[in-house]
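Trainee: Chain residues, written in single-letter form:
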Amino acid sequence: MSIKTARRIRLTLSYLVLLSAIAIVIYPILWVIGSSFNPGNTLSSSTIIPENATLTHYKKLFAETDYLIWYWNTLKICFITMVLSVIFIGLTAYAFSRYKFVGRKNGLLLFLILQMIPQFVAILAIYILAYQVGLLDTHFALILVYVGGLIPMNTYLAKNYYDTIPKELDESARIDGAGHFRIFWQIILPLSKPILAVIALFSFISPFADFILASILISSDEKMTLAVGLFNMIKNEFGNSFTLFAAGSVLVAIPIGLLFLSLQRYFISGLTAGGTKG
Amino acid sequence: MTHRKSAALLSIIPGMGQFYNKQFVKGFAFLILAACYFIAFLDFLNIGLWGIVTLGTEVPRDHSIFLLVNGVISILVVAIGLGFYSFNIYDAYQNGKKRDQGLKLSTLKEQYHNVVDKGFPYLMVGPGFLLLIFVVIFPIIFMLLLAFTNYNLYNSPPAKLVDWVGFKNFIEIFSLDIWRETFISVFAWTIIWTFTATTLQVSVGIFLAVVLNQKEIKFKGVIRTLLILPWAVPAFVSILIFSGLFNDTFGAINQSLLAPLGIDSIPWMTDPFYTKIALIFIQSWLGFPFIMAMTTGVLQSIPGELYEAATVDGASNWDKFRKITLPMILFTTAPILITQYTFNFNNFNVIYLFNNGGPAVADQNAGGTDILISWIYNLTMTSAQYSKAAAVTVLLSLIIVSLALWQFRKTKSFKDEGMI
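If you're matching them up, the sequences are chains A and B in order.
Using this note's numbering, read the first sequence as starting at 1 and increasing by one per residue.
Using this note's numbering, read the second sequence as starting at 1 and increasing by one per residue.
Simulated from the structure, these hints should not be mistaken for lab results.
A quick note: this is a predicted structure, and the numbers were derived from the prediction, not measured.
Just so you know, not all the hints are guaranteed correct.
[Unchecked claim] Straight-line C-alpha distance at most 27 Å; calculated DSS-like pairs for lysine-lysine: (1) B/Lys5 / B/Lys118; (2) B/Lys109 / A/Lys235; (3) B/Lys276 / A/Lys100; (4) B/Lys276 / A/Lys4; (5) B/Lys276 / A/Lys167.
[To be verified] Distance ranges between label pairs, derived from CB positions: (6) A/Ser262 / B/Ile173: 45 to 51 Å; (7) B/Tyr307 / A/Pro255: 50 to 56 Å; (8) B/Leu226 / A/Ile69: 31 to 37 Å; (9) B/Thr57 / A/Ile87: 42 to 48 Å; (10) A/Lys167 / B/Glu181: 44 to 50 Å.
For glycine and all other residues, C-beta sits at the position ideal for the given N, C-alpha and C.
Input sequences plus hints: build the corresponding full structure.
Mentor: Pasting the structure below:
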């Protein structure tokens with residue numbers, strides 16, 4: 001067998017592998033898009049290429065369900081969570097990176113342990129606490145829980161990044177008479193924009209993807225988030241409103257997918273930074 | 001008696017030691033703070049600490065679970081109080097010592113600067129930490145305590161009181177047949193799930209990255225974007241879509257893919273074995289794009305000379321992959337691969353959203369595909385076995401914490417060089 005034939009076989013096999021991978025990846029996505037245009041309501045009538053394509057389900061979604069409200073709720077919760085997380089995490093990580101203070105080591109150890117225990121193992125306690133302070137069924141409680149849960153892991157991420165900013169910068173600023181907060185604000189903050197962007201991205205996406213906490217803390221229909229709303233749509237009356245669910249999913253997946261594809265570089269850099277050091 | 005001893009002794013009443021050291025403003029501030037603390041919290045602490053010891057004595061006046069919540073908060077408040085109290089004694093002692101050595105004490109202005117200076121890191125950490133205490137640490141302590149009570153559906157307030165039962169829940173998990181068997185089978189599946197699903201997603205990711213990044217492959221960018229789609233679509237949406245695709249009777253996999261090939265419907269949702277296969281497939285589908293994207297980065301950073309040298313030495317493609325590419329990938333990405341395993345160990349979403357941990361299995365109180373974390377969820381939310389769920393949570397946390405501590409010993413983040 002000549003080198004040329006061997007190469008041709010290798011390339012053919014490679015393309016075959018890639019094509020089948022693409023087929024497997026794309027099939028569920030095309031199927032759900034197809035289903036959302038299907039005239040029927042049920043799972044059994046869902047096909048990739050609908051015969052009499054219709055927009056009924058999209059219209060129904062806006063007219064008869066709280067879909068738009070869920071969408072708005074989700075975006076609102078994600079946005080506020082993102083802003084608060086970046087503030088809390090940016091400040092906490094700065095102290096851990098630059099100062100030696102009593103409790104620093106134990107604090108870091110605590111964060112390391114907490115980031116490994118998933119927050120929702122204590123859902124019962126979170127529920128009871130929210131009940132006792134009268135915050136059950138409010139977005140406020142949900143946001144607080146999300147922000148708290150994001151702190152341990154992302155503080156590490158930010159701290160590791162701050163650690164790479166040379167300490168000489170702080171020192172020369174201190175000699176020039178800059179105070180603690182000014183050093184943070186004018187030197188560290190501008191230099192750490194890339195990692196803060198990554199943290200902002202993470203803290204926007206993780207409430208978006210959360211199902212459990214939202215399903216426990218929120219009970220009224222008009223306060224639900226997308227994950228809970230879509231889950232109820234598919235599980236409560238399985239089969240009967242599947243195409244409606246499909247339409248809902250498509251409208252979630254497309255904007256988030258596009259946002260993600262345009263920012264994926266940041267995701268990779270953030271996740272890599274979180275794993276390699278730490 | 002030396003100044004340091006008298007100052008420390010006087011500080012038993014907060015502020016007095018500072019008065020003794022002639023630091024009147026500070027002493028007055030301490031005294032007021034202590035008084036406020038007692039006025040504000042005395043009643044609360046009294047009931048709180050009584051509540052956590054007894055968990056209530058009278059029905060329906062006492063609600064054991066609320067008493068437990070208040071008790072935990074009381075303990076946190078007491079801890080903060082004790083911290084302040086020991087700082088007060090420490091401060092008086094230190095200043096007394098300065099006087100013994102004939103040093104001058106800081107003036108009010110210096111003290112103020114000192115507080116701002118030393119207090120700055122606490123000011124930065126404070127807000128985040130306070131939030132963490134209430135929404136993360138408090139719930140975990142509460143679950144820990146709950147594991148030692150008999151709180152469940154039949155024994156719950158306001159109708160009944162909950163009691164401390166020591167290690168009974170843990171003993172029952174290992175001594176009662178149904179609990180022991182369930183625990184063992186759930187734990188075994190958790191381990192198998194973690195290893196197969198993660199290893200598969202990692203291998204597929206690395207494999208596709210290597211195939212895609214061969215020099216001769218065209219349309220790399222397009223293919224890459226298409227293959228990364230499962231990562232871009234929110235996971236909960238994909239999992240719910242899969243639960244429709246895999247539906248036994250109506251799902252497209254049985255109807256449109258397998259039926260034309262003459263294969264009978266496979267019971268994806270009703271036979272635990274097939275559900276497990278489906279879950280591992282779904283997780284690989286969800287998880288490989290990240291590994292692929294990351295590996296692509298590594299591949300692009302391997303210097304071309306390595307391969308040229310290998311070619312000169314007569315290495316085959318397979319040799320090059322085995323001796324150069326794979327070691328490079330594994331070496332650079334090892335820490336991230338580990339986090340992929342811990343992630344799947346606690347991967348609640350895929351298990352719960354796909355088939356709710358089901359299908360149900362005879363002779364055990366967990367579904368056939370429940371992993372520890374989804375079992376805990378079902379014990380709490382569906383069967384109201386709160387204290388048992390808490391006990392399993394404690395066991396799960398012990399496993400995780402020991403892993404974390406083991407990893408902790410190897411990290412560099414804890415060295416303090418160059419700190420202020």
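Trainee: A separate judgement is required for each hint: does it hold in the structure or not?
Mentor: A quick look at each hint next to the structure:
This hinted pair checks out: B/Lys5 and B/Lys118 have alpha carbons roughly 25 Å apart, not beyond 27 Å. Pair hint B/Lys109 plus A/Lys235 does not hold up; C-alpha atoms about 66 Å apart against a cutoff of 27 Å. Restraint check for B/Lys276 and A/Lys100: the C-alpha separation of about 49 Å exceeds 27 Å, so the hint is violated. For a cut-off of 27 Å, the pair hint linking B/Lys276 to A/Lys4 is broken: about 43 Å separates their Cα positions.
Under the criterion of a C-alpha separation no larger than 27 Å, the hint pairing B/Lys276 with A/Lys167 is inconsistent with the structure, at around 51 Å. Roughly 49 Å separates the CB atoms of A/Ser262 and B/Ile173, a value that falls within the hinted 45 to 51 Å. Checked against the hint of 50 to 56 Å, the C-beta distance between B/Tyr307 and A/Pro255 comes to roughly 41 Å, which is inconsistent with it. At roughly 33 Å, the beta-carbon separation of B/Leu226 and A/Ile69 lies within the given 31 to 37 Å, and the hint holds.
With their beta carbons about 45 Å apart, B/Thr57 and A/Ile87 fall inside the hinted range of 42 to 48 Å. For A/Lys167 and B/Glu181, the hinted distance range of 44 to 50 Å is not satisfied, since their beta carbons lie about 57 Å from each other.
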